[in-house]
Amino acid sequence: MRSSEWLEEALEGLYGKGVKKAAEMVLALAEAFDAESFVPVESVHVSGVSYRTIGEYGLSFLEELSEEGVRVRVEATMNPAGMDMERWREMGVPERFAERQRRIVECLKRMGVRPALTCTPYLAGNRPRRGSHVAWAESSAVVYANSVLKAWTNRECGPSALASAITGLTPMFGVHLEDGRKPTHSVEFEGRLRGHLMYSALGYYVGREVGRGVPSIPAASGASTDELKSLGAGLATSGGIAMFTTEPAEGLPTLRVSEEDLLNVVEGLSTGSGGLVCLGCPHLSLEELQAIHSLASRRGVRGEVWLFTSRSVYEQAMNLGIIQGLERMGVKVFRDTCMVVSPLEEMGVREVVTDSCKAAHYIRLMTGGRVRVELRPREECLCGAPG
Amino acid sequence: MALVSEKPVSFLEGVDVETGVITDPETGLLGERVSGRVLVFPWCRGSTVGTYAIYGLARNGVAPSAMVCVEADIISAVGCAMAGIPLVHRVERDPLEVVRSGDYVVVDADKGLLEVRSRTRVEGS
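For the protein sequence lines, the chains are A and B, in the order given. Sequential numbering of the first sequence, starting at 1, is according to the numbering used here. Sequential numbering of the second sequence, starting at 1001, is according to the numbering used here.
Quick caveat, the hints were computed from the structure, so don't treat them as lab data. A virtual CB, placed ideally from N, CA and C, is assigned to each residue, including glycine. One or more hints might be untrue.
Said to hold, decoys possible - Derived coverage of chain B by chain A (criterion: at least 3 residues anywhere in the stretch with Cβ under 8 Å from a Cβ of chain A; other residues may be distant):
#1 1017-1029
#2 1051-1057
#3 1081-1087
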């Protein structure tokens, strides 16, 4: 196999120390999961970009690698950073953090990774073809890629995705194989499924119960792609899930889920009441920004509202006047980051209101519960409780 | 010398990257140092950012000299490759049963071998 010959040479150091390191990383992954071969990837999405998550050691690893002069061989995009790369002062991000964050982004840029700075690369020009093999990190994007775009990717970690970008290869195991993509569980939902909070909670519940596997969730067959984005983010957060399907499946273990189960998820993840409204985990699409704009125009917004999206979607929304409209109503729209990967505590944020179970889960975990989160449906986040 | 955790290890939340001291009471090894030891454990748990924590331990010169997992996972596999730490998994017998903390062990990552050279004598008996 051609790719393995190239890999042998890379492992011998023929292409330099940086490429050798990347080759060792994909080989280690192959050995850990008993992969028999490697497959070329068409696209890569690299996570572990925020200084908040990878810290000093992540930065030094990336600096060492980029000093070796390595370049990515395929289309590769970056996950969100810990701040809006332009408006970080407005977010209250400290200077020291900003300096480290800029160095991380610069390192990755030098290696040829595109600063899309989003967890929704598929809305920012990195949209793999159906059936193509890719190596994506960022678990919510992995689920979306496998389930909605029907590209094939395992749940990579930041460094393994980067190693795949440098070698152009990923080991064949897991959902790169037909067998790994067959449904393992059938999910029956009874009740009415509506809004991002509910889809997010359904994902969180199913992910927690299934752990690893491929759930079939026919109840989500009528969902919009944005709702599937929320469902996938929930699934990826509480379990090790890489994909779901909305096709019905028979003869599998069945998981019955009720509306009450979802309300229990929401209650269990809620630790606060009130605070800074943060929407955009995962990053908001153009359609979602439009909907928020129209809701806010009709009913007005309550309290301080921050929205998070990619720079790519931001630009499209600018062209439609949506960003300007939102900012006129006092709503701030930030790019390149979100409430999960920005340094909330250092920014002086103590309480967050959101509609994302993923955000609630990680904010609690990453701040040791010091930042409180309230989960509410999107309309209530923006306009307050009805009545 | 081996250091055995019967519970999965989180390198991000459970080990101090500066000192190599275990901070996670779940492991039953609170306060022990992983540095220079052969760390034997089931697999890694927690965020995949743990790979950078393994790398950080190596950068600070306080990493384990080798790792033995029952079943390697993405964090241990990629983290050890980044840090240049030998990793062995799926050995013939369950390492958690065969190896005890304090045993002298030899690890050959190229051949995937784990050998117990000498057994610590006192087992509280």
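Results for each hint:
1. With 1 residues having a Cβ less than 8 Å from any Cβ of chain A, the stretch 1017-1029 of chain B misses the three-residue criterion, and the hint is violated.
2. Check on the stretch 1051-1057 of chain B: 5 of its residues sit with their Cβ under 8 Å from a Cβ of chain A, so the three-residue criterion for coverage holds.
3. Here the stretch 1081-1087 of chain B counts 3 residues with a CB under 8 Å from a CB of chain A, which clears the bar of 3, and the coverage holds.
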